[in-house]
Amino acid sequence: MEGKEEDVRLGATKFPERQPIGTAAQSQDEAKDYREPPPAPLFEPDELTSWSFYRAGIAEFMATFLFLYISILTVMGVVRAPNKCASVGIQGIAWAFGGMIFALVYCTAGISGGHINPAVTFGLFLARKLSLPRALFYMVMQCLGAICGAGVVKGFQKTPYEVLGGGANVVNPGYTKGDGLGAEIVGTFVLVYTVFSATDAKRSARDSHVPILAPLPIGFAVFLVHLATIPITGTGINPARSLGAAIIYNKDHAWDDQWIFWVGPFIGAALAALYHQVVIRAIPFKSK
1 MEGKEEDVRL GATKFPERQP IGTAAQSQDE AKDYREPPPA PLFEPDELTS
51 WSFYRAGIAE FMATFLFLYI SILTVMGVVR APNKCASVGI QGIAWAFGGM
101 IFALVYCTAG ISGGHINPAV TFGLFLARKL SLPRALFYMV MQCLGAICGA
151 GVVKGFQKTP YEVLGGGANV VNPGYTKGDG LGAEIVGTFV LVYTVFSATD
201 AKRSARDSHV PILAPLPIGF AVFLVHLATI PITGTGINPA RSLGAAIIYN
251 KDHAWDDQWI FWVGPFIGAA LAALYHQVVI RAIPFKSK
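Numbering-wise, the sequence shown is residues 1 to 288 according to my numbering.
Misleading hints may appear alongside valid ones.
[As the list claims (entries may be wrong)] Derived DSSO-like pairs (lysine-lysine); straight-line CA-CA distance at most 27 Å:
| hint | residue 1 | residue 2 |
| --- | --- | --- |
| 1 | LYS158 | LYS251 |
| 2 | LYS154 | LYS251 |
| 3 | LYS177 | LYS129 |
| 4 | LYS202 | LYS129 |
[Said to hold, decoys possible] So the derived label-pair ranges between C-beta atoms look like this:
| hint | residue 1 | residue 2 | range |
| --- | --- | --- | --- |
| 5 | LEU224 | PRO173 | 43 to 49 Å |
| 6 | ALA86 | SER52 | 20 to 26 Å |
| 7 | ALA81 | PRO133 | 19 to 25 Å |
| 8 | SER52 | VAL163 | 22 to 28 Å |
| 9 | VAL263 | VAL163 | 27 to 33 Å |
| 10 | VAL140 | GLY174 | 34 to 40 Å |
| 11 | GLY92 | GLU162 | 43 to 49 Å |
Since the hints were derived computationally from the structure, they do not count as laboratory data. Every residue, glycine too, gets a C-beta built ideally from N, C-alpha and C.
Construct all of the structure, not just a fragment, from the sequences and the given hints.
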């Protein structure tokens, strides 16, 4: 019994982490060489004078701009078709969202981290992966990019944009606001948890292929979540995407449920950060 009590008391710090199936065996030397990255400072004055800080914000703006432009046009094309067989359908919408995230994360990961989503930025901030000024700057630039992306679509196709709903997110008939909120929480949890797993520093140090493949599981997570939740909310899981479409479309029903597309993703992102940091990585329990 003494041994069992000792195990419980020491918890995650007593035993080494197990290798997942399918990865290369980790040597003792690699384990010794790895060092946990220090948490990002809450506020770093020097980064406000760095060009890389503003370049990263511009990259987030452009990525979210392109994301909204392609995704809203895809949604409008499906709505416009006389039947689902005459368009790419829900599967096509899901592929458009997931494929664009895959491509844009690949393009911007080395510049800004490829967040393209305030909920992702919020989750990474809670995990101390970036500073507060950078997190706020990213969120502002993401929202501006989304507004401009939706605005360009409306500028090119004003009448169809108004008639086809502008890609605005709403809770669909037959579902309650609670259903919509739950779908957004769980959907964002899936996305942000995938982001944490795909960009984990320890996995990157151990398996050289992880950083290269990171955009693929992130984009695939977006695809799968859209397949599941498009019938419920049209799938938000990205407050900037929902805000940009709502501002440009600007109809009352597009604003009625807007809170769901902010509260749900932020709760889901916070839960994903907590789960990854406390349960999966057990960082609070590891010896310094």
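Task: Hint check for VAL163 and SER52 - Cβ pair distance inside 22 to 28 Å - done: Since the Cβ atoms of SER52 and VAL163 sit about 43 Å apart, the hinted range of 22 to 28 Å is violated.
TODO: Take a quick look at whether LYS158 and LYS251 sit within 27 Å of each other, Cα to Cα.
DONE: At roughly 14 Å apart (the allowed maximum being 27 Å), LYS251 and LYS158 satisfy the hint.
Open item on the list: Verify the CB-CB distance for GLY92 and GLU162 against the hinted window 43 to 49 Å.
Closed with: violated (22 Å)
Task: Consistency of beta-carbon spacing, PRO173 to LEU224, with hint 43 to 49 Å - done: violated (24 Å)
Task: Straight-line alpha-carbon gap LYS177 to LYS129, limit 27 Å - done: Answer violated: LYS177 to LYS129 is near 32 Å, above 27 Å.
Open item on the list: Please verify whether LYS202 and LYS129 have alpha carbons no more than 27 Å apart.
Closed with: Holds - the C-alpha atoms of LYS129 and LYS202 are around 14 Å apart, at most 27 Å.
Open item on the list: Between the alpha carbons of LYS154 and LYS251, is the straight-line distance 27 Å or under?
Closed with: Holds - the C-alpha atoms of LYS251 and LYS154 are around 14 Å apart, at most 27 Å.
TODO: Please test the hint of 20 to 26 Å on the beta carbon pair from ALA86 and SER52.
DONE: With Cβ atoms ~47 Å apart, the hint is violated.
TODO: Look at the Cβ atoms of VAL140 and GLY174 and judge whether their distance stays inside 34 to 40 Å.
DONE: holds (35 Å)
Open item on the list: Is 27 to 33 Å respected by the C-beta to C-beta distance linking VAL263 and VAL163?
Closed with: Given about 30 Å between the Cβ atoms, the range holds.
- [ ] Determine whether the Cβ-Cβ distance between ALA81 and PRO133 falls within the hinted range of 19 to 25 Å.
- [x] Cβ of ALA81 to Cβ of PRO133: about 45 Å, so the range 19 to 25 Å is violated.
Hints 3, 5, 6, 7, 8, 11, counting from the list given before, are not met by this structure.
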